[in-house]
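Can you build the whole structure from these sequences, using the hints too?
Protein chains in written order, with our numbering: chain Z, 640 to 1012; chain E, 21 to 633.
One should not assume that every hint holds.
Simulated coverage check for chain E against chain Z, where a stretch passes if three residues somewhere in it have a Cβ under 8 Å from a Cβ of chain Z [unchecked claim]:
no. : region
1   : 33-41
2   : 50-57
Cut-off 30 Å, straight-line C-alpha distance, at most; resulting in silico cross-link-like pairs (DSBU-like, lysine-lysine) [unchecked claim]:
no. : chain 1 : residue 1 : chain 2 : residue 2
3   : E       : K558      : Z       : K854
4   : E       : K159      : E       : K228
5   : E       : K364      : Z       : K845
6   : E       : K363      : E       : K558
7   : E       : K364      : E       : K525
8   : E       : K159      : E       : K144
9   : E       : K535      : Z       : K854
10  : Z       : K854      : E       : K505
11  : E       : K387      : E       : K375
12  : E       : K140      : E       : K159
13  : Z       : K854      : E       : K144
14  : Z       : K783      : Z       : K718
15  : E       : K505      : E       : K82
16  : E       : K387      : E       : K364
17  : Z       : K845      : E       : K228
18  : E       : K228      : E       : K144
If you're looking for bench data, these hints aren't it; they were derived computationally from the structure.
Everything numeric in this text was worked out from a predicted model, so none of it was measured.
We put the beta carbon where it would ideally sit given N, CA and C, even for glycine.
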Amino acid sequence: MNQALDSDTTSITRRVLDALRLDPVLLSLVIVLALFGSMVLYSASGSDQAVVIRQLTRIIFALLLLVAAANIPLRMIRKISIWLYLAGVAMLIAVMFYGEVGKGAQRWLNLGFIRFQPSEILKLAVPMIVATYIANRVLPVGLKELVVSSVLVAVPVLLIARQPDLGTAILVGSAGFFVLFLAGVRWRVMISLGVLLSLMAPLLWKFALHDYQRKRIATLLDPESDPLGSGYHIIQSKIAIGSGGVYGKGWLNGTQSQLDFIPERSTDFIFSVFGEEFGFFGSIVLILIYVAIIFRGLYIAANSTENFGRLLAGAFSLTFFVYLFVNTGMVAGMLPVVGVPLPLISYGGTSMVTLMIGFGLIMSIRSAKRFMV
Amino acid sequence: MPKREQLQDDYLESRLIRRRLVLSAIFIVILLSLVLGRLYVLQIVEHEHFSTLSDSNRVRIKALPPTRGLIFDRHGVVMADNLPAYRLEIVREQVEDLDSTLQQLRQYVEYSDQDLKRFKQSLKRRRPFESIPLRLNLKDEEVARLAVNLHRFEGVEINARLTRNYPQGSHAVHALGYVGRIDERDLGEVDGVEYAGTTHIGKLGLEKFYEHELHGTVGVQHVEVNANGRTLRVLNESPPVQGNNLHLTIDSSLQKVAEEAFGNSSGAVVAIDPNNGEILALVSMPIFNPNLFVNGISFIKYNELRDSHQRPLFNRALSGQYPPGSTTKPFYGLAGLESAFAKKEEEIHCVGYYKLPNEERRYRDWKKQGHGPVNLTDAITQSCDVYFYDLAFRLGIDLMSSFLGEFGYGIETGVDSTGERKGILPSREWKRGHDGMPWFPGETLITGIGQGYLLVTPLQLANSIAAFSVRGTRYQPHLVKSVEKVPEYNRIEIASRVAGRYELKREHNWEHVHKAMINVVHGLRGTARGINQGLQYKVAGKTGTAQVFEVAQDEEYDEETVLEKLRDHALFVSYAPADDPQIAVAVIVENGGSGSAVAAPIARRIMDAYLLE
Chain Z
640 MNQALDSDTT SITRRVLDAL RLDPVLLSLV IVLALFGSMV LYSASGSDQA VVIRQLTRII
700 FALLLLVAAA NIPLRMIRKI SIWLYLAGVA MLIAVMFYGE VGKGAQRWLN LGFIRFQPSE
760 ILKLAVPMIV ATYIANRVLP VGLKELVVSS VLVAVPVLLI ARQPDLGTAI LVGSAGFFVL
820 FLAGVRWRVM ISLGVLLSLM APLLWKFALH DYQRKRIATL LDPESDPLGS GYHIIQSKIA
880 IGSGGVYGKG WLNGTQSQLD FIPERSTDFI FSVFGEEFGF FGSIVLILIY VAIIFRGLYI
940 AANSTENFGR LLAGAFSLTF FVYLFVNTGM VAGMLPVVGV PLPLISYGGT SMVTLMIGFG
1000 LIMSIRSAKR FMV
Chain E
21 MPKREQLQDD YLESRLIRRR LVLSAIFIVI LLSLVLGRLY VLQIVEHEHF STLSDSNRVR
81 IKALPPTRGL IFDRHGVVMA DNLPAYRLEI VREQVEDLDS TLQQLRQYVE YSDQDLKRFK
141 QSLKRRRPFE SIPLRLNLKD EEVARLAVNL HRFEGVEINA RLTRNYPQGS HAVHALGYVG
201 RIDERDLGEV DGVEYAGTTH IGKLGLEKFY EHELHGTVGV QHVEVNANGR TLRVLNESPP
261 VQGNNLHLTI DSSLQKVAEE AFGNSSGAVV AIDPNNGEIL ALVSMPIFNP NLFVNGISFI
321 KYNELRDSHQ RPLFNRALSG QYPPGSTTKP FYGLAGLESA FAKKEEEIHC VGYYKLPNEE
381 RRYRDWKKQG HGPVNLTDAI TQSCDVYFYD LAFRLGIDLM SSFLGEFGYG IETGVDSTGE
441 RKGILPSREW KRGHDGMPWF PGETLITGIG QGYLLVTPLQ LANSIAAFSV RGTRYQPHLV
501 KSVEKVPEYN RIEIASRVAG RYELKREHNW EHVHKAMINV VHGLRGTARG INQGLQYKVA
561 GKTGTAQVFE VAQDEEYDEE TVLEKLRDHA LFVSYAPADD PQIAVAVIVE NGGSGSAVAA
621 PIARRIMDAY LLE
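Spelled out as C-alpha cells, the structure:
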C-alpha cells in the first residue's frame, strides 16, 4: 500500500521523509501529541513559559534522535543490542554504588557532563536483546529460549525495582515480556507463570515491596483510609477529573489544577489536569490519538518481513500502551500510584528521549522492509 | 524433540506473530475501554459529586491527635497522665498579615523568640488550614485577656488540648523519662501522617522507648468550612485511638522510699526481682521535675539544671559508670573456687599490703595494719584486699574477665529504656584496642579489688548480684510489666527473658560464697554488720568503696581532709531474704565515703519496705 502511495506522490515533503526513512503517519501523530502535551503542560505549570520552552527543546532534541534511530539499519540494531544491554546493566550496577539519590530512590548516574537514569536505556535494550536472541530461533519459542530470555529480562528488572523504581521496572519487564508473548509463548506456559506469580504475590508483598509501595496499594483499595498521606494524591486527582464533566472547565481554567490541589501535576499526574480542563470528550480524543499511534506501530510490526522487526516493533508499541494504561489507570484511581509518566506529555526529558528513539527504531523496521524487497 | 530442529518456516511464524499482534490489539481496546469507562463514571455519572467537592474545596481534612497512653506503676498508681491545657493557635490561611497579627498578639500574651521560631518551623511543614500552636500552657488570666479580644484576630484560636502531665512531679523521673515538643530532629524519625496533629513526643527513657505504644493512632475529621475558612460543621469523623497504657514493674512506694533515703546525696539505686528481672525501683539522685520539659523549659531553668554540679539530668542508674570496688569480691571468690585456684580453708597472711614477686611497689589493703591470717570467708566478710590481690594474681585477668562477663559485666543489659551504657570489662584485647599497651600484672591486682579500668552501671551491678542470688540465671531487666492495648483494654504481659546462665560446677562453691555474704551483714566482723539490728529476715550483701582518685604510695587517705567531690563512692550490693531471694538491690552513693556506713542503710530501708510492708 505504501509503495502504491509512494509511486504517485511527488511532493517534496514526501521525498524528504523518504530520504530520512521516516514514517509520515507515525511521525505526524507523535508530533501532534507532543505539541498538544506542551499546551497541557503550560496550564499544569501555572502558565510558566520557561517550563514549556524547556519541554519544546526536549521534544526537538528527541525528534533529532528519532531521525537518527530511524536511519540505523536493522542489522546494526541487532548487533548493538547486546552491547547496549551489557552497558545498561553495568550502569545499573554502578548506580547501586555511585548513584545519586533523588526523591528517596537511587536512580541517577552522573557522568560529569550528563546526568541520567540508566534504567531508561534498558527500556530499549531489553526488548532489543530478547528480540535479537529469539528472532533466529524456530517459533513458537521453546523452554530453553524462554528461560534464557526470562533471565535477560529479570536481571535489569530486579536491579531497577530495588532502586526503588517500580514504574520503570514494570515498563522494562513488560517490554521484555511482550517480545516473548509475540514470539508465541504457549498459553499454558503463560497461565502457569501467572498462577505461579499470584501464588508468590504474598511473598513479594512481604519482602520485595517497600513500605511506601505497600501503602500505595493499600491506599488504592481504600483511598479514604489515608486522606492526609498518600491517599491525598488519588482523592484530589479524582476530584479534578470528575469535576471536569463532559467538556471540561476549559484550558487554564481548572481550579483543582491551578490552585495547587493536584500534586505532581506537571509530571505523573498531568492527566488529571487534562481531564479537569478538557473533560470526558477531550479524554476520548486524547486516547484515540494514543490508540492511533499504538495501532500504527502494530501495523508496521505486522508488515515487517523478518521476525526481529515484527517482535521489536510490536514490543515497543505494546510498551507504549502500558505507559498509557498504567498512567491513566493510576490517575483515575484504578491502579496503585507508581511512577509512570503519561507518555510524550508529562514534563521531563528522559522518557521523552527513549520513547522517541523507540519510534525511530520502529520506523527503521518499517523501511527495512522496502529496502529489502 | 526432533521437530524443533526443522528450518524456520517464515510463513507459519509470521502468521503466529500476526495472530498475537491482533490479540494484543483486542486486549488494548478492552483495557482502554475500561479506562474510558472509569472516566465516564468519574466525569459523567459522578460529576455532580466531584463538582461539589471541587467547587471551592470546601471540605477540609483535620488531623485529630490521639491521647497519649497512661503509665501506671505495678500497683496501678498513676505515674503519667494527660491534663487539658490551653494553647494559642493560628491557622495560617485565615490570617491576612501574619507578621502584624503576631506583633499585635504581643499586647495580650507573652511569647518568647523560641516559641516564635518553633511556630515558624511548623508553619513550613503543616498545611495552610491546619492550626499551629504559638504558645502552650496559657495561664488563666492570659486566656481571659485573649478571649475578650479574639474577635479582632481572624484565624487565631484558643484550644484546649490534652498535654502530658507527671502527677508526682520529680518522683521516678529517671525511670519514666519525659516527653517534649517535637523538634527538627524528631521529624526525620516519625511518620508525618501519624504525627500530623501531634505536638509532643517521648524524648527520653520509657517515654521514648515505648513511643510506638504510647502514641496512639491519629484520627481524621472532615469539616465543611465557609469562605473565611471557619469550620461550619463536621461532616464525618474517625476519632483518634488513644495510645496503649503501660503498667510498670516499678513499685512507686518503693521508689519513693529509695529517693527519700538518699537525702541530699547523689547516687543511684536499682532494685530487681532476681526471679524474673523485673525492676522494682530505678533511682538516680538528684531528681528533677519532668513537667518543666513538657511545654518547653526556659533557657534559664534549663541552664540551672544542666550546670548544677550534682547533675540532676544525668541518669546515673543507666548511664553512670562506676568502679564496682569490693562488690566484685564474691564473684572472684566464686571464680576462685570454681577454677580450684582458691581453696575454702586455705589461709593467706594479710600484713596490710601485697607485693608482686620481683616488684617493689606495695598494693595496699584498706586496713593499714592488715587482717592477719584470713581464709576466703574472712576475706569476703572483712573485705580483705590482700587476699584478693593474691587470688587475682593466681586467676589471671583472662579468667577474671570472662567470669565477670558471665554475670553481665561489660555488656548492655538490654533494659527497655534509653541511654544505657555498658561499662568497661577490661581484658588483654580490650586494653590493646584502648591504648595499644600490653596488660601489666599490677593491673590484674587492682582489677581484683574492682578498681582500675573496671566500670559498671548501677543497673549492671544490681543485675549481676540478682543473677548471683539465683545461682547464675541472669534475666534481661525490664521496666514494663504489661502493655494494655487500647481500645480492647487487654493486657499483654511482657515475658521475662533469660539473658544468660552461668552453670555452677559445684553447688557448694556457691553456697560457700553465699554464706560469706550473709556473714558480711550478720557476722560479728562483717563490714555491713551495722544494718543487722532488728532485721527480720536474712540479708546477703557486700560493701564496696570505689576510689575516685588515687592516693600516692605512702600517703594516707583521710576522709576528713579530702574534698567532698573527691571522696570515695560508697557501694552496697545485696539480696534478701538470703535463702529465697525476692529482691536484689545495688546502691551507689557518690562521694559517700565507705559503703558500710552510707550505702548499706539505704539498701536496708528498701528491703524493709519491700519485704515487710
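Q | Earlier hints that do not hold, by number | A | 3, 5, 9
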